[in-house]
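Q: Work the whole structure out from these sequences, hints included.
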Amino acid sequence: MIKVTESAKKQAIRLMEDSGEPNSFIRVGVQGGGCSGLMYELNFDTVAQEDDKSFEDNGVRIVVNKKSFLYLVGTTLDYSGGLNGKGFIFVNPNADRTCGCGESFSI
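Take 1 as the starting number for the sequence shown in full-length UniProt numbering and just add one per residue.
The hints are simulated quantities; they were obtained by calculation from the structure and are not laboratory data.
One or more hints might be untrue.
Calculated lysine to aspartate or glutamate pairs in the DMTMM-like style (CA-CA distance at most 20 Å, straight line) [said to hold, decoys possible]:
#, residue 1, residue 2
1, Lys9, Glu56
2, Lys53, Glu41
3, Lys66, Asp45
4, Lys10, Glu56
5, Lys9, Asp78
6, Lys67, Asp52
7, Lys3, Glu56
8, Lys3, Glu41
9, Lys66, Glu56
10, Lys67, Glu41
A: Next up, the structure:
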């Protein structure tokens, strides 16, 4: 399961409404790359794939492919705005190491 904080929920809903796709959901994934070896992916999507796992937390639907799910179990999606904000932030209890910018990690 992936948890969604209140601030991430508000920002995600705002962005989905702005995109003109009110029935979209958040697709979260992991791919190789970044300075720590694995990078987070976050997009809006409207079509779930056969091997996806789907969750809803705090009124937000999150979809993850089966391979990425293994890296993301227990992760919390947060949002930090403002002048020093980083945007969407992944708080991943499985990560042994993260890079300074927080966009990549290793297990």
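Q: Is lysine 9 close enough to aspartate 78, meaning Cα to Cα at most 20 Å?
A: Cα-Cα ~8 Å, so holds.
Q: Run the distance test for lysine 3 versus glutamate 56: straight-line Cα separation, threshold 20 Å.
A: Given that 20 Å is the threshold and the Cα spacing comes to 8 Å, the pair holds.
Q: Holds or violated: lysine 3 with glutamate 41, Cα cutoff 20 Å?
A: Between lysine 3 and glutamate 41 the Cα gap is close to 16 Å, so the pair holds against 20 Å.
Q: Given the hint that lysine 9 pairs with glutamate 56, test it: the Cα-Cα distance must not exceed 20 Å.
A: 11 Å, holds
Q: Straight-line Cα separation of lysine 10 and glutamate 56 no greater than 20 Å?
A: 14 Å, holds
Q: Under the criterion that the straight-line Cα-Cα distance not exceed 20 Å, is the pair lysine 66, glutamate 56 satisfied?
A: 16 Å, holds
Q: Straight-line Cα separation of lysine 67 and aspartate 52 no greater than 20 Å?
A: 9 Å, holds
Q: When you check the alpha-carbon spacing of lysine 66 and aspartate 45, does it fall within 20 Å?
A: Given pair lysine 66, aspartate 45 holds - Cα atoms ~16 Å apart, limit 20 Å.
Q: Measure nothing beyond the straight line between the CA atoms of lysine 53 and glutamate 41; if it is 20 Å or shorter, mark the hint as holding.
A: Satisfied, since the Cα-Cα distance of roughly 15 Å is no more than 20 Å.
Q: Starting from lysine 67, check that the Cα of glutamate 41 is at most 20 Å away, please.
A: This hinted pair holds, its Cα atoms lying about 13 Å apart.
Of the numbered hints listed earlier, not one is contradicted by the structure.
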